[in-house]
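Undergrad: Listed here are the chains, written in short residue letters.
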Amino acid sequence: MNAIIRLVYRNLRANLDRLSLFFELIFPLFFIFVQGYALGGIVQPFEVGGVTLSYPLFLAAGAVTLTVINSGTNAGTQLWFDRKNGMFEQILMGPFTRAQYILSIILATLVIGIAGSLLVFGIAFPVLGARATLTPSGLAVVFLALFLGTMFFGSFAIAISVALRSSETFQIVSTFAFFVFLFTSSVFYPPEFAPPAIRFVSNLNPLTYTTDLFRAGLFGSEVPLLFLGVLAAETVGMFALAVFAFRRIRV
Amino acid sequence: MTPELAIEVKDLVKRFGEKTAIDRISFETKRGEVFGFLGPNGAGKTTTIKILTTLLQPTSGTANVLGYDVRTQGKMIRERIGVVQQQDSFDQGLRTEASMDIYGLVWDVPKAERRRRIAELIERFDMQDFRNTPTIDLSAGQRRRLQVAREFVHDMELLFLDEPTSGLDAIVRRKVLDFFKEKVREGLTIFFTTHILEEAEYLCDRIAVVNRGRIVQIGTPQNLKRRFGRTKAVEFRLLEGSSAELAESIGRSGLVVKLHQDQSGAYKVMTSKPEAVIPEIYRAADRLGLTVSSIYIAETTLEDAFITLVSEGVEEG
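Residue numbers (my numbering), protein chains in the order written: chain X, 1042 to 1292; chain C, 392 to 708.
Next up, chain C with everything else stripped away, as it sits in the complex (with noise of 0.2 angstroms):
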């Protein structure tokens, strides 16, 4: 394994009985990178993270976590990693604050340095209000900040996210990955799974899909996008409002994958061929005596290359 190197899997398997999660996957992470692992629910992430942290033995393959074997070195990975795991996780007789200290004497943080760190923690993560509420009567999302901001109390080289930000509202969520991307540049290296696209889009400099314990494909947001983006969205919208006849008029024209009308109001067409469609919902408008107030083709996301990777069982080539 190279040193800049992070993580180095080779065509690992793991079998529960009969069940097969992880099925021969081969993938790299380099030092200093977010390394994103997307997939459906069941796709075989969570337990690719608990083989990475060495909670799991492998069936078979091989994995190096920063150079060192998960089989048969899992003290020296454990020793130098953070996990914040899928679940909640916390110390029910704690309050906030106790619990973060408690977590950091675990990890053996000097005390000085722990509430150094604890107090920037709590202004950072917007954790003033309840740092003194019993962890019990915390709220899922304070508590997850609190799970968040926790791992950074100790050291670490390589951080495991297994969708970190769920129950976060938006903003704290922005917070929360700008501070992710702030220790990255300060040379964290982070595995990050979610369910939130946008996210990975927004954090990840390579991703992973993986799907049925395979990995369909790995590259940087824009490349799987550009690649694998292959339904665009045209989104429209009537001066009348809405119109059932037009709608049905657009989705008998074959050039539609799916059309939906959202709580404003809006129009959505996803399709593979814009340019057709939209002379098409100009036309039918026409004949239905409507008027389309305004009309654009939506950016392609990652959100559609997924739903191509996934949908369509695209392998990696």
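Chain X with its partners taken away, still in its complex shape (with noise of 0.2 angstroms):
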């Protein structure tokens, strides 16, 4: 068996605590369901990307990528748990190469993510009585945004796993960052109508393009192609400086 399907598999029976992803799961269908249906009735429907939706179907697109970034954060915690219980090491003396190791929390990382998302979405989207126009490009767009918005995410919680001194650091610094990336980006609202400056951010924001890709994906509305680029430039960016970082990590 390859060395890196190796990794993951011990990386998701190992470091994976089976309590953490049932909340990080729920924690995306509770704002579905509970903001969703709260806020649904104040909000009309609107037009995104060409397509008239309402406010909950918008809010649940954006949901589904809120397991991107929760998925991501795992990445961070699966380093950490590795440094503290002394596994990043032992895994380091072992047949395999930093990158491989680095690569393996990522896959890791992926598979929840993309799994994650998949499951809120096959929870929340039936219940709604959404029906999505998923075609094979269609599919493929929303696979690329899940796959681009858990790989910047991932990256960025390794890059900020080694940077700080603690774990309980780590939580607070990811949790604060998980706030920011969520609520400067579309999940919530289309940032079109937000005052400029937070739409300034949103525009710099991976979540806001994972997120736009998705719903186009899934609507069948016209993707955005610089969207896209966007996205894949700063992922690129962020598992560069997340390498980078990686490398520096003393042992």
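Calculated from the structure, these hints are not laboratory results. Since this is a predicted model, take the numbers as computed values, not measurements. Heads up, some of the hints might be wrong.
To be verified - Straight-line distance between alpha carbons at most 27 angstroms, and here's what the computed DSS-like set of lysine-lysine pairs gives:
1) C:K664 / C:K623
2) C:K623 / X:K1125
3) C:K466 / X:K1125
What the hints assert, rightly or not - To give an idea of the chain X side of the interface with chain C (calculated C-beta under 7 angstroms), a few residues:
4) L1060
5) G1135
6) P1136
7) T1210
Positions of the beta carbon are idealized from the N, C-alpha and C atoms, including for glycine.
Join the two chains into one complex using the hints; note that each chain is given alone, in its own frame.
TA: As structure tokens, this is what we get:
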């Protein structure tokens, strides 16, 4: 069996807490069904990318991508567990390279991110009575958005996990960053209605592009290629930063 | 590097900023031997292991492990070694047996072989009682046993043991050491660090004593004891139990390096001249009206040689 696959399997078995995973799934569903229905009564359906959506449905697509950022944080947690429990050095003294190890963490994160997103999607959309017009190209865009988004946030979590000195600080900083990404993205509202400062931050935010691409793929609206380019560039940049930071970990 | 060598180190240096952790050490380890690396805290033992296991790059010098260069052929080395670190290392989300299985899988050991080896190791390391216990709930000693046993799930030519028995009770420790000996007889080479000098004496074929990043001496335990075990222990008991006056009198003789009474009541006198100290003990006891009930010269231990080498700064000659 390939070394990376073996490590991915080990990461999934050893470092993932089932209870935490359960709550990571509950979290977006809570947004969809509580916030979505609560605000759905006062927010009229509006047009996004040429498609008219109700607020619960708009939010549902955004909340699915919440799973992406959640599972991204998991990458940092996996690294912290391994460092705290001595498995980081143990694995690096085994028949692996550092690149294989970091890639295995990202891939394990991808598995959780994509599986979690699809699960949330599978639960939420039938309940909302939505009709997703998924074409093969739309499906490809959905997967690409989830892939790039998870890669970005996984790399981001690894970079800050390496930079910070304790797991407690990592939890605090990653939670803060989580809310900054979340509330300045297009998960809860279309940024074009927001004040210019928030719109500016939103335009830099990879979660905005992940969410918009996911919605576009899902509802069959036009896929903004520029968004894809920006998200891909941000992901490559963040992955490079994570690798750079990872190489500097002192053992 | 000749094929019979497992490790060959020449003028190895490791600096962390201004601090020199390893200062031009050189040594060789033969295949099939247990090579001990002894030294006080901060002597450079763990840093040496981290370089030999390719976790750290040396600042200068050369090191070959199993014929491969630590700088450029790290993966080739790591595929052929096992490491039991000084620090704890465990997968916190797994139970004991599952963690051994996942570890074997990570090393690409076939499933049937993993099962066979794990069953054997669980029995050999007395782990039946906690085979299904989550690793996070294990005691320090149980976790240590798991950490050592786990390393034998996969094949290796050379095993690095960095204080592997810390936290183990005496009975388990002896079992573990005997298991190591058995594996050495089957052809395994072991690089071993420990603070427990009796262990080193029991297990090691040769020992390097390190201090402040330098190798002080290399030799067999017997040779080191013979050459550097200068201080001997004279142990005696008084029929009356204890006497502060007697201890003070012997202490004033100028022959004693150290004198103390242990919990059982036995006095232990460290001296380089036991033949002069014994009559002095009898004379002092007579003078004070006390009776010496037993007296003998204890055998020189590796600890005596180690203390001489480290505290007197003896250099390799």
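Undergrad: Interface hint check: P1136 of chain X, Cβ to nearest Cβ on chain C, cutoff 7 angstroms. Holds or violated?
TA: Check passed: Cβ of P1136 of chain X comes within 4 angstroms of chain C, closer than 7 angstroms.
Undergrad: Within 27 angstroms, alpha carbon to alpha carbon, are K466 of chain C and K1125 of chain X?
TA: Since the Cα atoms of K466 of chain C and K1125 of chain X sit roughly 24 angstroms apart, the hinted pair holds (cutoff 27 angstroms).
Undergrad: A closest beta-carbon separation below 7 angstroms is what the hint needs, so does T1210 of chain X meet it against chain C?
TA: 20 angstroms, violated
Undergrad: Would you mind confirming whether the straight-line C-alpha gap from K623 of chain C to K1125 of chain X stays at or under 27 angstroms?
TA: 44 angstroms, violated
Undergrad: Is the hinted pair K664 of chain C and K623 of chain C satisfied, with a Cα-Cα distance of at most 27 angstroms?
TA: At roughly 8 angstroms apart (the allowed maximum being 27 angstroms), K623 of chain C and K664 of chain C satisfy the hint.
Undergrad: Against chain C, with CB atoms and a cut of 7 angstroms, does the hint on L1060 of chain X hold up?
TA: Hint on L1060 of chain X: violated, closest Cβ of chain C at ~11 angstroms, above 7 angstroms.
Undergrad: Please check whether G1135 of chain X passes as an interface residue: C-beta within 7 angstroms of a C-beta belonging to chain C.
TA: Holds, because the Cβ-Cβ distance from G1135 of chain X to chain C comes to roughly 6 angstroms (cut-off 7 angstroms).
Figure legend: structure checked against the earlier numbered hints; hints not met, in rising order: 2, 4 and 7.
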